[in-house]
Structures are given as C-alpha cells and as structure tokens.
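These protein sequence lines map, in sequence, to chains R and G.
Position 97 of the first sequence, counted from 1, bears residue number 98 in the working numbering, the numbering being contiguous throughout.
Position 22 of the second sequence, counted from 1, bears residue number 436 in the working numbering, the numbering being contiguous throughout.
The set of hints was computed from the structure by calculation and includes no laboratory data.
Beta carbons are placed, not taken as given, at the ideal position from N, Cα and C, and that holds for glycine.
Take the hints with a grain of salt, since some may be wrong.
Partner residues aside, some chain G positions facing chain R, computed with beta carbon under 7 Å [unchecked claim]:
no. : residue
1   : G522
2   : P731
3   : K732
4   : G737
5   : Q738
6   : D741
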Amino acid sequence: MTYSLSGRIQTRILLFAAIGGTWTALITPILPTRLPLDASFAMAFTVLGLLIALGVLWELAYHLLQQFRWDKDWPTLFSLLAGVPEGVLLWLLLSTDTWFWDVPVTTQGFWLWFISTWLVVWALLSGPIRVLLVRRRWRGGRLFG
Amino acid sequence: MSAAVPSVARSGDLAQVLVDTDVWTEALLTDAGVPILDAPLVSVGGGLGSFALIDILRICGLSTESLRVLTPLSTPWESFAYLTRVSQISHDDRLRSDASARPDNIWGFPSYAVQEAFRADTVRGFLAPLWQVLTEPLFGEHYTPRAAQVLEALSREHRRIRYSQMVAAGQVRMVRRRRAGGYFTILTTPEWGNSVRRIAFRSAYVHLAVGYAGLMFLPDLQGYRESARSSNRVVNAFEPHEHVYDQLRRRPGTVMVRGSGVVASRVLQRLIDERNVHGLQTRVIHVFSDFVSGPQGPRFMRRRGGDGFAYQAFDEPKAVWGGQLRDRARRTEGAQRVEFYNLLGDTSTPYRKEWAVRLATAREQGWYSSVVGEVDALEPGADDLVSARIETGPSVLMAEASFVIDCAGLESDIGEQRILADLLQHTGAGRNPLGRLDVEPSFEVRGTRSGNGRLYASGAATHGGYLPGADTFLGLQIAAQEIADDLASEGFCRKLGTLGSVRQWLRWARNTVI
Chain R
2 MTYSLSGRIQ
12 TRILLFAAIG
22 GTWTALITPI
32 LPTRLPLDAS
42 FAMAFTVLGL
52 LIALGVLWEL
62 AYHLLQQFRW
72 DKDWPTLFSL
82 LAGVPEGVLL
92 WLLLSTDTWF
102 WDVPVTTQGF
112 WLWFISTWLV
122 VWALLSGPIR
132 VLLVRRRWRG
142 GRLFG
Chain G
415 MSAAVPSVAR
425 SGDLAQVLVD
435 TDVWTEALLT
445 DAGVPILDAP
455 LVSVGGGLGS
465 FALIDILRIC
475 GLSTESLRVL
485 TPLSTPWESF
495 AYLTRVSQIS
505 HDDRLRSDAS
515 ARPDNIWGFP
525 SYAVQEAFRA
535 DTVRGFLAPL
545 WQVLTEPLFG
555 EHYTPRAAQV
565 LEALSREHRR
575 IRYSQMVAAG
585 QVRMVRRRRA
595 GGYFTILTTP
605 EWGNSVRRIA
615 FRSAYVHLAV
625 GYAGLMFLPD
635 LQGYRESARS
645 SNRVVNAFEP
655 HEHVYDQLRR
665 RPGTVMVRGS
675 GVVASRVLQR
685 LIDERNVHGL
695 QTRVIHVFSD
705 FVSGPQGPRF
715 MRRRGGDGFA
725 YQAFDEPKAV
735 WGGQLRDRAR
745 RTEGAQRVEF
755 YNLLGDTSTP
765 YRKEWAVRLA
775 TAREQGWYSS
785 VVGEVDALEP
795 GADDLVSARI
805 ETGPSVLMAE
815 ASFVIDCAGL
825 ESDIGEQRIL
835 ADLLQHTGAG
845 RNPLGRLDVE
855 PSFEVRGTRS
865 GNGRLYASGA
875 ATHGGYLPGA
885 DTFLGLQIAA
895 QEIADDLASE
905 GFCRKLGTLG
915 SVRQWLRWAR
925 NTVI
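Pulled out of the complex, with its shape left as it was, chain G reads as follows (with noise of 0.2 Å):
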C-alpha cells in the first residue's frame, strides 16, 4: 500500500475503506483498482438456487448477456450431487422427492414419472411407475425419481438454456448497496499470475442462493475431534466418511447412529446392506433424541410415526409447496410463524416397506437397539472405541461404540456465511422468526432496497420464511417463480401468461436451445 495515497490498496486488493463503506461509489472502487463490470442481474450461488432461477428467466426472455451466475461450481448439481453422494444414495437411488418437482422444467409436465415409462424397454417398465403415481400413496408409497434421471434431465436444461455462457468463476466476497441504485458485488476470481483477483459486478438486481451456511458439528463431536485429535471414528453423516465401511469390513464393530431423518434411514440402509452382503457382524446403536412411538400431533394435524422415526414422504407435508399449509405460513409472522413450523413438526423420514422390514428383521436378531436419549459426551476409549455417556432421562448410560455417525444434519447460523454475515452487518438485511434472512414473500431479502435494485434470496438462507420447504426443488422453483413475477413487474422481463408458456414448453420438449 501507498503511503502517498493510503486509500489505494495492490490491484484488486480490498481495500479497508470499501470493508467500513456501507454504500460505494464508482469512484470508490476505481480508487481501489477494482474494475467494474456491467451485468442487469447476478445470480450468487450457482448451485440449484441460482439454476432455479435463470432457467425460468431464460424461458422469459431474458438473453444470455443480461444474466451472470458467480460461483465457484463447476456445474450447478455439484454441491447438490456431492450431498447425495455422501449421504449414501447412488446414482440408481430413489431420492426422496415428487414425480413434479424437477428442476429442469418449470412445469413439472411431463412428470418423472412419465418420462421414466416411456424411457421402459418392457410393458412392466412402462406401466410400474404409471401405476404408482396414479395410486400414490393410497395404494403404495409415492413415486420418486432416481438420482441419475435428474440428475441426467438437468444436464440437458444446462445446455439448452445455454447457462455456461453465463458464468463466472470465482468466489463472491461481499454484496454492497451502491449510492446511485443497484449493487456491487464483489467476485474474488481464481489466480492466474498477476492477473486481477478481484472484480466488482455493477447490477440492478441481485439474487443470492448460497445454499447451507455449513454443517455444524454438535458439541460432543467436537469436543470428541480435539481430544482425540482425530475425525476417524466420530463423523458427521454429511461429511465422506467411505473409511467407516471399509474398517467395518475388516473388523466387526458397533456402530452408533445419531438421528432420525431420512439421511439416517439410508446410513442404516448401508450399513444393514454390508451386513447382509459382506456376511459382516456390525452391531447398531441407535440414538433417538425424540422417540416417535406411533402417530403425533393433533386431530387435523396429525403425523403417521412409530419404531422411533416420524414418517412423512417429503422434507415438508406437501401442501406447503402450493396449497393450504403455504397460504396459513404466508399469513404469520413472528412468534406465529415460530409456532407454525413447529406444528409442522421436526425431523421426519418418509416410510419405506424395505427399510422398515430390514429395521424389525435387524431389531428381532438382536443386533439393533434403539436408545432414547442425549449424547452427552464422547470421549476416546480402550482399544480405540468411542465411549458415549448418554443421558437418558432419569439415568445415565454408558456405550461403546467402534464409530459415531451422526445424522442429525444440523445447518450453521447464516452468520457464519461470509456474504450472508456482511449483508446482515452492512447492507440492511435482517433476520426472520426462526433467525435466517428475512425475506418478503417476492423472496426479496427486506431492508436492503437499492434505489430501483432488488436484493433477492432463496433457498436455505431463508428456511423460516413465509414459505416453508424452502430448501427443496419445487421450493426454489416457487422462489424463483416469485422473484421472476417480481421482477417482471418491474419491467426487467416479460411475465410468463399462457401463450408463452405453451411456447416455451414446446421448446423444452423438443430440446431446442434457447
């Protein structure tokens, strides 16, 4: 840094000016030596929010030049697709998600369920999941799609919404209000030799989609990972934790599992799996911090449980996404919103035949138990077992265990989130009822207005919204069926009537680029 010009910080550098100025000028950042680039709106993110929202942009009309996606994914699945992965479903698993919610096709017409017959080789293969999406879920369980075909169908969207063309690498920093209207956002790109690290985006509109804060590691964990100095024996279920299975193969041991989700019905579902195929001798624990021993909640909102797990087939009662449990959300606020999710009740799995049946198989040899307690302690053992202190109520309960996973997939503050922190701390952001961004129902994030800029968010960052389920496929759909509304309303784009629909989806079936 210049001592002659102390405001002047290295190319690209951010200077500690920009850091304390809440709104910025253009001349702010020329004196910076950050360069300025023109774009009417960013997308921040570049996982499925944003993928979400340019697709329908895209089929508004919008051109290619007129949109910017920042991140640093290499495809919009990536993150999508490594959690998946992770947590334990392959390519040819079922997800846990609706025949209509795809992402790729903002009309969820043809469902995936159709697109899956007609792809059939045999009668069987059309028929079996015609007939399970006419009769879902009164006659079996509801229709889901395989990882792959989604995967598989948003693939051919990216290209023929031509989203490459709209990239731009890097690692957002920080969006700021600009004094003229609109926003900066600030893009660290990737280092190539001397090249400039960092640009500003000069934008009217700007949509953040930055997916989880991070996981956050429960206090035993943590306290568990320092102690021992390792992260070997007690994972998170959403971190790869392949090692467990491998160690299991070569030596029998007890495993503990934390959790009553879906991501620990598919740990169970592994780990039963290595048992039966391997001919391993794998002990389970499983810790219950809620047992859910049959149906819960009122007469007109009542939920199916039992064996410990809440059953529900998706991440939300699915009336969240369109019908009247999302018009009751929209109408609260504050303490009313707080009670309104509670009442759509906590951690929840849906109800599979095949896992049910291996569970009470597994429960019957005696090699499952269940336990209903908090895990109070971890700590390292003799002969490199977890030892687990585990609060049972009026008791307390000792357990050894050769690996921890803990499936509770418990998400950090937004706090935590860089640009999320630096919006909240300089850019009029707030937070809702259950503490993420607080966002209008257009999921433009309140209090940060720019002159005729829009801020908007979806996705994780606003769980506690008036839209419940926000974190889903058909969630970032409704956000950015909202925001484009929005958005069109404010003349930026053309607003999708009927015609246009029909045109735009004729253009999708046929696979034409647009």
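So here's chain R without its partners, still in its complex pose (with noise of 0.2 Å):
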C-alpha cells in the first residue's frame, strides 16, 4: 500500500473502528476475561480506543519511516509486523498498570483479542477492502478528501 499522512491516520481511525469494532462485538463474548458480559465489552472496546488512539502516534512514526523508501510504500509485510510493537507496548500499558485508569485484562484474553483484531483488520485491507472503497487505493489510503 502506498499511504498518505491523512491516509493513515483515517485509515487507522475509521477502518479500524468499523472492521476492529465488529470483530471485537463479535469476539467479545468468547472472550476469557473473567468478567461479566457487559464489563467485557466495556474492557473490549477500551483496548480497542487505546489500539486506534496510540495507533494514530504511531502512524506518524510509520510515515516517517515510510520516507526512507524510494517507493513511498509501506509493504503489506510492515503492516502485519507492525503488530508486534504494537501489541508488546499496549500489553506493557495495561498489564503493569501503567495506564492512566485501571482496565482489568487477563493475559489470554488481551492477546487473543489482539493477534485476531490485527489480523482480521489487516487481512481485509490487504485486498477486499479494494472492492468496498474503490478509490481508497488510489489516494493514499484516504476515505475522504
């Protein structure tokens, strides 16, 4: 894929929350989380805000990185790897109670949430996304403008 700035960042924010949003409401409930169904969700989907909001920063991180390549292109490799760090800081955040307010995830419901979000939101955007927004590829990435 080769993003835009703007690109990035919509994609992170809007795709993630429409294709991370439905995985998550529909993973939630098998989730083991050790907590009631509606304390889940909540938990669920805080992760999920904390995955696009620290993801926009590292978006700027990517793009800057991005700038280093002759292409301006961010092979689909980077995208699958760039859950790794991205994960590993989140967990890091959570688990130590690093993060300004108290969300209670259990290590095996943390991860598994995680690994499946990533990769059913880069899966689709790796290909079929290009059938739901056809001039998405065309403008780095951008749903809009």
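Work from the hints to combine the two standalone chains into their complex.
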C-alpha cells in the first residue's frame, strides 16, 4: 500500500473502528476475561479505543520511516509485523497498571483479542477493502479528501 | 470534385473546407457527403487505454449501445502483446508489473499472485506466489505476473463486457468540435469496394487513448540507415529484430547494446541465454550514457543503483499511483512539474538477482564490457561491421560491432501523431510542461471543451501531467476511474459506490456477462 499521512490516520481511525469494532463485538462474548459480559464489552472496546488512539501516534512514526523508502510505499509485511510492537506496548501499559486508569485485562483475553483483531483488520485492508472502497488505493488510503 | 459545387468532395472524401474549419456543423459534413452516426461516447485508439475506460463504464452501468471504440486493432491487447514480444518477453516471462495492477479487474482484487496460487496444482505452487507477495520486496523481489496470465485475464474480461460489440473498425483521422456542443470524430473505414470511406461519429464525449506517437530513432541510427541503405545491422529494440539472434547463431559477433532500462536488461538476458544455450561466442559492448555506480539522490529520494543501472521495481516509484508522490505531483505546475519528474528519475530497471548474476559472470569471463559515453556516429565499416564513434567525455572511442541494438526507447513528439497534431492545431489543446498533451486532473484535455461535451485523454500522450506513470496498467485504470467519476458528475453514468462495487465485483468473480 502507498499511504499518505492523512490516509494512514483515516485508515487507523475509521477502518480500525469499523472492522475492529465489528470483530470485537463478535468475539467479546467468548473471550476469557473473567468479567461479566457488559464489563467484558466495556473492557474490549476500551482496548480497541487505545489501539486506535495510540495507533495514530504509531502512524506518525511509520510515515517517517516510509520517507526512507524510494517507492514511498508500505509493504504488506510491515503492516502485519507492526502488530508486534503495538501489541507489546499496549500489553505493557495495561498489564503493569501504567495506563491512566485501570483496564482489567487478562493475558489470554488480551492476546486472543489483539492477535485476532490485528489479523482480521490486516487481511481486510490487504485486499477486500479495494472492493468496498474502489478509490481508496488511488488516494493514499484516504476515504475523504 | 464537381466544379458547380466546389465545396462538395467525392463521397466520403474529406473536403478541404472541413480540414480548414475548426468547428463543424452537420451541414458541413452533409455537404461533404460524410455520413453521421450517433454514439454518446467514443473512445479512440482501442488499445489498453480504451479497454480500461470501457471496462469501468460498463461496470458503472452503461450499455454497449452508448459506447463506441474506434480502432484499427483487432483486440485491445494487440499492441501490448506485440511490444512485449519484440522486446523479448515471451508468454511465460514475467512482466514488470505489480500483483494488483490488473487491467482486467478494476479492483485489483484478488491479485494476480492469489489467482496464480489458487490455480497451482502443487502445494509449492500454491504457497510460492503467496509467500512472495507477502514478503515483497523485503525478503525477495516483487511478485510479477506472467504475460500469459495478463493476456488470458484480459481476454476473459473482453468477453464479459462484450467489448467487440462496441468496436467500429477503422482509423481515426481527426476529432473536431461541433458547433452545437460535443464533437465529431472522423473514422476512415476499411475500404470495401465502393462503400463509404469516412464516417463522422457525433458524440457528447470523446476519449483519446492513442498510445505512443511512434518510436523515435536516434539521429545516428537514422543516419546509419540512410548511409548504409539497410536497417539490418542497427535496430531499435522495439522493432522486430529476431534476425540479430539468428545471424549470431550462424556467425559469432559483437553486439552493441545502448540503454539501461528494462528493455536493455531483457535484450541482455536474451543474448546471454543464446550464448549459453547454443554455445555461442557473442561479445557484448554495453553503452551507458549515464552510468549509475551506486544509490543516487538525496536522503529522502534515494534510488538504488549499481553496475550502470538505476534499480526500481516498476516503471515509477510505487507511490505515484496513489500515494504521497501522486499527491505531490498533483500540486505541481509548470517548471515545478518538470523538476518533480526529474526527481522521480530517468530510465530504470528492476533489480533481478538472476540478471545481476549473469552479468557478473559475463564480466568475469570478459565478454561483456561497459562503456560510458554518447554514441556520436554510426557508420558502415569493413567486413559488414558497424563502426561506432563514442564520445566518452575527454576522449573519443571507436568500436566495431556486428549489430547495434538501441534500447533507449525514445518516443516521438505528440505532434507526429496525426490525431493529436490536429487537436493541437484546430481544437484548442495545448502541451503540458513536458511537452505532451495537457490534461486536467480529471483527464479532460484542457482547452477543448465544447458545450456540454468533454474530450478526455489518457495514456502515453498525457505523460508529464498530474499523474506520473500514466502509461502503465495502473495509470490507465486511474485515468479511467477519474474520467468515469467526471462523467458521473455530468450525469452520464452512475457513480460507483460501495454497494454497486460489491455487486459488480461478484459478477466479475462469477464471470457473468454484463
């Protein structure tokens, strides 16, 4: 994919919210969170919100790295592997109570949610999104503007 | 021509009054005996540029009756197939093209890599293209489709959209504005006995995708051909030149290769293959006008290079087709545009390990040598050889070769193309900062609007516009998308939204004829 900076940010906010949100709604009832269902949902969507919010900052860093590439592209493997640092940082923040408020994550629940969500978003953005949003690939990933 | 009615020409012939009049009326054509046919949109050219536009317009719901393709070609891929063949790409060779650049599929999904995987009959055949497209270009080279795969897919889409029903065969002579809005496009039809030779298509919309204006032969090449009265020894790589390889099999010789683009790489590959397979003693002198010895450019626009070549996966850096480089190009005008195109760099070839290894071996064995300089003159030499005078900066080098293959791939000026020349002269079209046809971001040809009509152009003629890489699969598809959106805003067709796109993609996937 050849992202522009605004394309990255729009993708991170809107598509992660749409695809990630749908997936989170489907998977949360079976996540091993040791919480009542409503608390499970609250927790899962909070983590999704953090993935998106911190993700906007990550996108700034990715965009800077992209500038070192002649093709100004972002290979699909980068998109996939970006999940590693992002997942680890999020886990460290939440599991060590470093985040500003308490999010009651369990190891298994967090990683099941994170890995599956990341893969679903990555898979959809790697191909099928081109059918849903025909012009997106010609516009650096932007949905608007 | 009748003396009594001087403005009337023989049936179908173009009267001088037509040639001289910029804006035409029906009466003018009727007086000249040129019959008029109606078609809301005509696409002139009939190659892959026309195909890309017709494909998307059919997908946007336009009927075959609304669209006409005016072309001398028997299929939209005829020129493409010819150029790939003469430039040494066989059906089984891989093109220099991205997995998701699919001229038969506006969505680029599934990519050619996925399609190749699902067609494989071995596990390895299934996994290899998927692994390559997943890890490209980090752990290997980019996945690229085979020529045969692209041609087969084009043929399938050609049937699916009923392309041949839209074709009117012939050669377009000119496009002129119509006084009441829209355009007249003059088609010279193949001659069948006494039938009409010229037809005027009256349309609101015209699309020009006429391809290259032609090959430009370097002055020294032309000079040689004139003095030697032969085109046998000095050839352009885009001309058929099988005789070079045939003759080298019969008699060993030296070949001088000029140019450092992908065509030069393919010609070198062919020469090396011939040498290896047939045990030949061919020697190669490779003339570089600009020898790239390593990475070039400022830190944030640095391109790989080495052994004389600038390395780049595709015709342009990838982001020109929809990333930050496209955005940047869109913001340039005038001299800035020229500067930006210069920044994107000149000729390049993809780095392929296979090619690099072969050339390294050839260099070690001493039968491949590089010369940096400009060929100044080519002359017939003794013993049927070609004698080349090469300026290498401070000194002049004389070299002799059995054959010279020019791979520089220069294109003629658009003024050499009859339709475009007429457009520049009579219809208000102008040139962009790089000298080609000036188009808006919507690909409408600037200065040619006629009432509610619109005249668009895409492909090679628009090189130097807001979209670099216009003459590539993706470039043609982006142009088609922009034109379709512009036509939708005019109310000519539906704008393709998410639901329509999904529905049409399912039809594509099921190969449903539309």
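Unsatisfied constraints (hint numbers, rising)
none
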